[in-house]
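Below are the chains, spelled out letter by letter.
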Amino acid sequence: MPVFNSPNDLLTVSDLTYRIREVLEYEPELQDVTVQGEISNCTVHGSGHAYFTLKDEEAQLSCVMFRRYVEGSNRGILKHGIRVVAQGSVSVYPQRGSYQLMVTSLKADGQGDLHREFLRLKEKLLNEGLFDPSHKKPLPSYPTTIGVITSPTGAVIQDILRTLQRRYPCAQVLLAPALVQGETGALSVKNSLARLVAQGHPDLIIIARGGGSAEDLWCFNDEDLARAVFACPIPVVSAIGHETDFTILDFVADVRAATPTAAAELAAPDHQELLAALSGTRQQLFTHLQYRLNHQLQLLDDLSDRVGWQKKLLIERQKNQLALLEATLRQHDPRLFLEKGFTLTLKNGKVVKSVTQTQTGDTIETVLADGRIESVVK
Amino acid sequence: MTRKKDAFVLEEAIERIKEIGQRLQDGQVSFDQSLQLFEEADGLIKRSQEYLQAAELRLQVLGEKEE
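The listed protein sequences derive, respectively, from chains A and B.
Counted the way numbering that gives the first Met the number 0 counts, the first sequence spans residues 0 to 377.
Counted the way numbering that gives the first Met the number 0 counts, the second sequence spans residues 0 to 66.
There may be inaccurate statements among the hints.
[As the list claims (entries may be wrong)] Partial list, computed: chain B residues near chain A (C-beta under 10 Å): (1) Leu9; (2) Glu10; (3) Gly20; (4) Gln24; (5) Gly26; (6) Phe30; (7) Phe37; (8) Ile44; (9) Ala54; (10) Leu56; (11) Val60.
I should point out that these hints are in silico values taken from the structure, not numbers from a laboratory.
All residues carry an ideal CB built from backbone N, CA and C; glycine is no exception.
Kindly generate the complete structure, drawing on both the sequences and the hints.
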């Protein structure tokens, strides 16, 4: 289709631009394309849209990625110098007179660049001393409260709860739910960490996520999250992915566990072992006390042998005191009076102290030393 | 959420039990004292055993709005 019909057929800039747009946007080969290149000049605006240029040695291509696609992708690779494979369609932006690729999906070109970015951050934080063993906090031996940051649904939290229930059911678990993948994952984990520290005061914190691709786990290679964990006053155990997966979080955490189950095992002792140890300790203490008691008795025996006469004197004196005490007690014993011939008169079981307490015909009881007499008053 | 002052803390109990064991072993305490220490340790061991025999893990989910 010729653009110029005749020299007199003038077009406005808009006319031409919209014609170009039609050509490009209706060309099937330019829609749904997959392009390989290196990211440069990447900015993410407040709106959430990302703007960057894809380039190779000879050309460059303006790209825009709208917020909903940015959120669904791995933010870690939206960085200058990262080689990516972008998928999208070509469109024209008339206001700027430019064409651009509207990117709907972005992947690292192989794992090479992701890995380079990982190494760069690791190197940087290592040099700053964030992984230094001298900063590692020891885990408490007997935690009362265990903080857990992970997805509230899924196998990971269940594995952790099951393990703690088996090993240490006396603990309290504080779950701070977090997104553990995608662009907002790192921020979500960071916020949950802050909430746990501020509100829960757990004795330690487990940050866990199940297995996934390197891109799934990428949010744990976040610099801000690494710094927050480093600054966290409470010991942090990391358990991200499988045993062979390493993230920046694993390096900065106080302890790295191979799996979420392993993290729970590191976090708490086995209560059965502890109960057995406590029984053993009690037995030891008791045995020790028995030993001390026997020793003490032996000491006393030795002592009394050496100062036998003093002991005898002491016993004599104690015997005399006892005899005296007995005599005093006996003086107050009513049976003593009965033995001398005095009697006690009872009416209906109560002591009669005056003749006015009885009337003719009453039955009274007289208590003597060796028995009782019942009689009727005349 | 703050920990109650009089709440039982296993770590503290076990530290004290160990300390008592050490003191008894040192043999520097009198017989009367060792009796007292044994009674204290025995009490702590019983409380620790009760604590460890809790049946059910307590789970609390920290809400986003909880400030």
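Checklist entry - Which of the listed hints are broken here? => result The structure conflicts with no hint, since it agrees with every one listed earlier.
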